[in-house]
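**Student:** Spelled out from the first residue to the last, the chains are:
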Amino acid sequence: MKIKEKRVFITGATGFIGGRIAERLWLDNGIKSRCLVRKFSNAARLGRLPVTMTFGDLLNKDSLEKAMEGCEVVFHCAYGNTNDTSLNREINEQGTRNLAELAFMHGIKRFVYLSSVAVYGSNPPETVTEETPLQVCNDEYGKSKARAEKICRDLHKKGLPIVIIRPTIVFGPFSPIWTIGAIKRVLVGGWEKIDGVDGICNAVYVDDLVDSMFLSTRFDKVVGETFIISGLNTLTWNEFFTAYMKVAGLPKPKIISRPRKTLKFYFSNVLRACVDASRRVANSQIIDFYHWMKDNYPSLTVTFDSLIRGGIKKNEIEKFSLRTTYSINKASRMLGYSPRTFEEGMRVTADWLKHYGYI
Amino acid sequence: MKIGLIGAGAIAQKAYLPALTTSSHIALNAIVDSNSQILNHLSNKYHSGYIGDSVTQSFDYVDAVIVAVPNYLHFSISKTCLEAGKHVLCEKPLAISSLECEELIHLAREHSLKLAVAHTRRFYKAAQNIKQIIAKEELGKIISFDFEEGTVFSWPTVSGFFFDKKKAGGGVLIDIGVHVFDLLLWWLPYEVKHIDYQDDNLGGVEAFAIAKIEFSNDLKGNIKLSRLSELKNRYRLQLEKGIIDWDPLRPEKLYIRSLSGGSRKVMKFKQESSVNALLSNFIYSIENNSTPLASAEDGWRAIQLIEKCYRSRKLLPLECLQSKEESP
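Chains as they are written, first to last, in numbering that gives the first Met the number 0: chain A, 0 to 358; chain B, 0 to 327.
If you're looking for bench data, these hints aren't it; they were derived computationally from the structure. Owing to the predicted nature of the structure, the values given are computational and were not obtained by experimental measurement. Ideal placement from N, C-alpha and C gives every residue a C-beta, glycine not left out. A few of these clues could be false.
[What the hints assert, rightly or not] List time: in silico DSSO-like cross-link candidates among lysine-lysine, alpha-carbon distance up to 30 Å:
no.: 1; chain 1: A; residue 1: LYS156; chain 2: A; residue 2: LYS183
no.: 2; chain 1: B; residue 1: LYS211; chain 2: A; residue 2: LYS293
no.: 3; chain 1: B; residue 1: LYS165; chain 2: A; residue 2: LYS5
no.: 4; chain 1: A; residue 1: LYS5; chain 2: B; residue 2: LYS323
no.: 5; chain 1: B; residue 1: LYS223; chain 2: A; residue 2: LYS353
no.: 6; chain 1: B; residue 1: LYS231; chain 2: A; residue 2: LYS31
no.: 7; chain 1: A; residue 1: LYS38; chain 2: B; residue 2: LYS211
no.: 8; chain 1: A; residue 1: LYS149; chain 2: A; residue 2: LYS5
no.: 9; chain 1: A; residue 1: LYS353; chain 2: B; residue 2: LYS231
no.: 10; chain 1: A; residue 1: LYS293; chain 2: A; residue 2: LYS253
no.: 11; chain 1: B; residue 1: LYS211; chain 2: A; residue 2: LYS245
no.: 12; chain 1: B; residue 1: LYS231; chain 2: A; residue 2: LYS5
no.: 13; chain 1: B; residue 1: LYS313; chain 2: A; residue 2: LYS3
no.: 14; chain 1: A; residue 1: LYS65; chain 2: B; residue 2: LYS164
no.: 15; chain 1: A; residue 1: LYS293; chain 2: B; residue 2: LYS313
no.: 16; chain 1: A; residue 1: LYS312; chain 2: B; residue 2: LYS231
no.: 17; chain 1: B; residue 1: LYS164; chain 2: A; residue 2: LYS3
no.: 18; chain 1: B; residue 1: LYS223; chain 2: A; residue 2: LYS38
[What the hints assert, rightly or not] Covered stretches of chain B, going by a simulated chain A footprint (3 or more residues, C-beta under 8 Å):
no.: 19; region: 52-65
no.: 20; region: 201-215
no.: 21; region: 229-243
Start from the sequences and build out the full structure, keeping to the hints where you can.
**Tutor:** In C-alpha cells form, the structure reads like this:
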C-alpha cells in the first residue's frame, strides 16, 4: 500500500510530530491530509499547509467521526499535555479508544499509533528491544502510553490493522523539548559535563521517525507489530547538548567534579531564593533592572542567568546517567528503516534554529 | 455618539467591548454577529438598542460602526455601512486588497464620512515620540532600521479564519505585518523602491516572514515576523547620532542610546489603552471633521506594501521546507 494513494487523517497535527507528518505528506507526496484540530489557537504551523483542518475532540466521538470521514490511514499522534493529569489520561486512553473504535468501524486500512519508549519506564535495562517487558513506573505519561497501546492491541485482535511506533528522543525543527528546549537550555548555561555522568541519549531525527511511520503503512506483514524507532548513532547526552552548544556558538563544556557540582547546586538555590524574595518586594523594579543589565552588560547577564539556572538539576542526574540503548534492528529488518546520521539531522535543525530566531 | 459593533468575536470581546462600555462619550447602541450563542451571552451583559444578526437593521440605532469581523468581510461590510451613511472604524487590515481599500476610500469621500482603520500602534506615545525624533532629526538622519516581532500564536480565534488564505488575505504578514508596515511608512514617509520578501508558506498562509526593504532615498532595513517563535520583539532604528529601540509588546518604554557615549536612556510613557485612544480619535474626527490619526489612506498604503511583498515572494531557503523525492 503506497501512502501516496491514500486519504490520511492525523491527530496531533498541531503538534511537533503530527505537524511534520502533515508537512511531509504534502511536500513529498502532494497529499492534503485531514487534520484534527481542537483549538485553532495552536494551528499556526499547520496553517502553512493546504490541509483540511477538521474541528473535533478525541473525547467527543461524534465530532471525531465527522472529522475522520472518508479516510483510509490514521496517524494517531495526539496526547494529553494539559496540566490536568486525569484529563491527560482520559485523552490518551479514552481518546485512543474512541478513535480506534471508529477506525475499526469504518474499516480503516492502517492505524499507526505513536507511542513512546517511556513505556519501558524510567530505569530500563542496558539494551531494550521490542521484546523487553514494559515497566510500571511513576511516570504518568509512560503508563498512559502503555495503556493506550493495549487498547490498540485489543482492537487489533478484533481486526483493526494497527502498527505501534515507540520513538526515543525526537529532535528536529519545532521539537519543543529536544530542540527548542535544548537550545534554550544551553543558552542559559543549563548544560555541563559532570564527572561520571555520561548517559546515552538515543536521539532520533524527526524525519526518520516520520519515514518509519510512512513505512508502517506500506507492508501488510507489519500489521500488529510494534517498532522502536531511534537514530543511527549511539550518542551520549554530552555529545547531544554539546552539538547544540556548538550551534549556539558556545564553547565546549568543561568537566565539573561531583563536589563542585554539589556546591554549585546549593549556590544556585540560594541565589534563586534571593531573587524570588526581591521580586516579591519590588517585582517591576527588578525586571527593569534585569532588562537594563541585559541591554548594557549582556555577557554579565548570561553569567547571571547561568548561575541562577545552575546547570543540570539534581533530579536530572539519574536520567542523564542511564546507559540504555534502544535497538532498531526490528525496524531495519521489517520496515527497511534506515535513519540518517545525527550530524545530518543536526545540520538541518541548526539552520532552522538560526532562521527562526532562536540563536 | 451612538456606535454599533459589527462582529463580536475575539477582538471585539477582548478589546472593543471593554473600551466601548467605559467611555462616557459613546453609547453602544447595537451589537451584530452571526453567532447566536455569542449574541445570547452578550444580551445578558449589555443593554444595547439592537442585538441581532442583521447589519442593516442595526443602522436605525447608530451614527457610526466598528467593523470587527474576519478580514475578508471588512470590505463588504464597511461598504454597506458607508453606503448607508455610517462612519466606519474598521479593524485592521482595512481590506485584503488595495483595490478594495481604494473603493472604500472613494465611497467615504463621496458620502463625506469618516473611515478609519484600527492601526492601534500609532496611538502609543512611544511610537508618536519616535515619529517626532525622526521628523525633527533630533538624532540626525536615519541610517537603517531592523524590526523583529514574533510570539507563538495563541489568539483565541473561534472560526480559525486566520489560516484560510481567502478569508484572512495572508498569514503573519497581513496580520502583524500590517501594524509594522503602517508604523514604518508613518515614521519614514518615503517611497519604497525595492522589496525582497521570503516566507514559509507551503500552500496555506505564512507563519514566518522576512522582508528587506529599500526606500527611494537608499535607506534600507529588515523586517522579520513570526507567529511560530519568540523573536527579539525590538524595532531598532539607527540614526546618525543614536539608536532607538522600542519593544511593541512593552510599548510604554523607549530606549535611546546616544552614539557619543553613555548608557541607554529609558523614556517611560504613561499609556492609556491604545483602543481607547483609537476610539476617542475616531469620535473626535467625526465631531470635528478632521482626519483620523489612522486613516483609510494609511490602511491602503500598508496593504499596498503587503501586496508588493506577496508579489515578490520566495520560499525561505530552509531544507526542511523543500520537497524531497517521494516519501517511503
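**Student:** Please go over all the hints and tell whether each is borne out by the structure.
**Tutor:** Each hint, compared with the structure:
In summary, the hint linking LYS156/A to LYS183/A is not supported, as the alpha carbons are separated by about 44 Å, beyond the 30 Å threshold. The straight-line distance between the Cα atoms of LYS211/B and LYS293/A is roughly 27 Å, inside the 30 Å bound, and the hint therefore holds. Between LYS165/B and LYS5/A the alpha-carbon distance is near 27 Å, which keeps this suggested pair within the 30 Å criterion. For the given pair, LYS5/A sits about 19 Å from LYS323/B by alpha-carbon distance, which is consistent with the 30 Å threshold.
Restraint check: the Cα-Cα separation between LYS223/B and LYS353/A comes to about 13 Å, which is no more than 30 Å; the hinted pair holds. For the hint linking LYS231/B to LYS31/A, the alpha-carbon distance of about 34 Å lies beyond 30 Å, and the restraint is violated. Restraint check: the Cα-Cα separation between LYS38/A and LYS211/B comes to about 33 Å, which exceeds 30 Å; the hinted pair is violated. For the given pair, LYS149/A sits about 26 Å from LYS5/A by alpha-carbon distance, which is consistent with the 30 Å threshold.
A hinted pair counts as satisfied when its Cα atoms are at most 30 Å apart, and LYS353/A with LYS231/B qualifies at roughly 13 Å. Distance hint between LYS293/A and LYS253/A is fulfilled; the C-alpha atoms sit about 25 Å from each other, no more than 30 Å. Taking the CA atoms of LYS211/B and LYS245/A, the gap is about 29 Å. The hint holds against a cut of 30 Å. Restraint check: the Cα-Cα separation between LYS231/B and LYS5/A comes to about 42 Å, which exceeds 30 Å; the hinted pair is violated.
At most 30 Å may separate the alpha-carbon atoms for a hinted pair to count; LYS313/B and LYS3/A meet this at roughly 27 Å. Taking the CA atoms of LYS65/A and LYS164/B, the gap is about 24 Å. The hint holds against a cut of 30 Å. Note on LYS293/A and LYS313/B: the hinted pairing is violated, with a Cα-Cα distance of about 35 Å set against a maximum of 30 Å. Under the criterion of a C-alpha separation no larger than 30 Å, the hint pairing LYS312/A with LYS231/B is consistent with the structure, at around 28 Å.
With a C-alpha separation of about 25 Å, the suggested pair LYS164/B and LYS3/A falls inside the 30 Å cut-off, and the hint holds. A C-alpha spacing of about 26 Å is found between LYS223/B and LYS38/A, which places the hinted pair at or below 30 Å, so the restraint holds. For the region 52-65 of chain B, the stated coverage by chain A is violated: 0 residues have a C-beta nearer than 8 Å to a C-beta of that chain, whereas at least 3 were required. Interface restraint, the region 201-215 of chain B with chain A: holds (7 residues with C-beta to C-beta distance below 8 Å; minimum three).
Check result for the region 229-243 of chain B against chain A: holds, 3 residues qualifying (beta carbon to beta carbon below 8 Å, three or more required).
When each numbered hint is compared with the structure, violations occur for hints 1, 6, 7, 12, 15 and 19.
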